[in-house]
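Q: Chain by chain, the residues:
Protein chains: 2
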Amino acid sequence: MLMEDKCPRCGDVTRRHRNPVPTVDIIIEYQGLGLVLIDRANPPHGWALPGGFVDYGESLEAAAIREAREETGLTVTLLGQFHTYSDPHRDPRQHTITTVYVAQGHGQPQAADDARRLAIFAPEQLPPVLAFDHRLILAEYLKVRPKWLTKLKKSSEL
Amino acid sequence: MLMEDKCPRCGDVTRRHRNPVPTVDIIIEYQGLGLVLIDRANPPHGWALPGGFVDYGESLEAAAIREAREETGLTVTLLGQFHTYSDPHRDPRQHTITTVYVAQGHGQPQAADDARRLAIFAPEQLPPVLAFDHRLILAEYLKVRPKWLTKLKKSSEL
Numbered sequence: 008m009l010m011e012d013k014c015p016r017c018g019d020v021t022r023r024h025r026n027p028v029p030t031v032d033i034i035i036e037y038q039g040l041g042l043v044l045i046d047r048a049n050p051p052h053g054w055a056l057p058g059g060f061v062d063y064g065e066s067l068e069a070a071a072i073r074e075a076r077e078e079t080g081l082t083v084t085l086l087g088q089f090h091t092y093s094d095p096h097r098d099p100r101q102h103t104i105t106t107v108y109v110a111q112g113h114g115q116p117q118a119a120d121d122a123r124r125l126a127i128f129a130p131e132q133l134p135p136v137l138a139f140d141h142r143l144i145l146a147e148y149l150k151v152r153p154k155w156l157t158k159l160k161k162s163s164e165l
Numbered sequence: 008m009l010m011e012d013k014c015p016r017c018g019d020v021t022r023r024h025r026n027p028v029p030t031v032d033i034i035i036e037y038q039g040l041g042l043v044l045i046d047r048a049n050p051p052h053g054w055a056l057p058g059g060f061v062d063y064g065e066s067l068e069a070a071a072i073r074e075a076r077e078e079t080g081l082t083v084t085l086l087g088q089f090h091t092y093s094d095p096h097r098d099p100r101q102h103t104i105t106t107v108y109v110a111q112g113h114g115q116p117q118a119a120d121d122a123r124r125l126a127i128f129a130p131e132q133l134p135p136v137l138a139f140d141h142r143l144i145l146a147e148y149l150k151v152r153p154k155w156l157t158k159l160k161k162s163s164e165l
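Just so you know, the protein sequences line up as chains A and B, in that order. No gaps in the numbering here: position 139 of the first sequence is 146 in the numbering used here, and each next residue is one more. No gaps in the numbering here: position 39 of the second sequence is 46 in the numbering used here, and each next residue is one more.
No lab work stands behind these hints, which were simulated from the structure alone. Do not take every clue at face value.
[What the hints assert, rightly or not] When the alpha-carbon atoms are kept at most 30 Å apart in a straight line, the in silico BS3-like pairs for lysine-lysine are as follows: (1) A:Lys161 <-> B:Lys13; (2) A:Lys161 <-> A:Lys150; (3) A:Lys160 <-> B:Lys158; (4) B:Lys154 <-> A:Lys150; (5) A:Lys150 <-> A:Lys160; (6) B:Lys160 <-> B:Lys150; (7) A:Lys154 <-> B:Lys13; (8) B:Lys150 <-> B:Lys161; (9) A:Lys158 <-> B:Lys160; (10) A:Lys158 <-> B:Lys150.
All values derive from a computational prediction rather than experimental measurement.
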C-alpha cells in the first residue's frame, strides 16, 4: 500500500510504501500468583498485556525484555515465543503485528511508562475486557498454559 | 529510531519513526517430494524460501498464501505458523521481521515474480547456502518436521 507524505514546508507530496508496524507483547508469569497486566495510560485504555513497538535494529526478544522492564519494572526471563498476531483490525490506531512471548517475571512489579497501574491476575479471574486482541491471545495461551508452566519449572530449577 | 525524510522539492527535513518491516516466508511441502525453494531474481540472489513483504491491511496468513502463489504458482493450504525471526542482520537490505508458515502445496509449480527458477529439494539435499537466514530457519524446521508431516497427513485426510 502506498501512502502520501506532504512536506510541511512546501506541500509537495511524495509516495512511499506503508507497512504494518511490528510490536511485542509479553505474557508474564509472576511467582506462581498469576499473570501481570497493566492498565494503559494511553489510548486504547483498559487492561492489557505489557508490550510496545519494536525499534529498528532491535530483535523481538530484546524488545520484549525492554518493554516488560519499562512498563512493569520486572526483569523477565523469556521462556519462548508464543505466537504472532496480525489481524489488521487488532489495534484501533494502525495495523500492527504483535509477536507474543511467554516470560517469567523477577523483582518487584511497579507500573511505569505506558502503565498507570498494574496487577497480578489469577488466570481464572482475568478482566472480562482487555485492550486490543489480548483477550483472544490470553484465551489461546490458557489452553496450553500447563505446557509453559512445566517449561517455567524446568527453567527455574537450572 | 528516528529517520530523516528530505523533501525532493524544497529540501526540508522531517523526522519520523523507523520501524522494522514485516515479511512472511513459506515452507512448502510438495506432494511427498520435498520442499519448494526459489532462485531469487532480485538481490540478495541465491536459493531461498518463497516469501515477501506484508501489505498494510493484510494479515500474515493472507500474505503467505499470496506470496506463495505469486512466486511458485502453487495454491497452498497453511498447516500453521512456525516461528518469527527478527535478527536485525538477517536481511542485508534493511531490518525485516519474518513470520514463517508451514504449508502444503497444490498444483503445478512454476517460477514467477521474484523467482527466476524453482526446484523441489529433498530435505537431506538442500542447497548448502541459502539467502537471508533461511538455512537457519530450515535447520530448525527439519528438527520438528515429523510433527508437521503428521499434521499434513491429517489435513490431507479431511
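Q: Can you name, in rising order, the numbers of the hints this structure does not satisfy?
A: 1, 7
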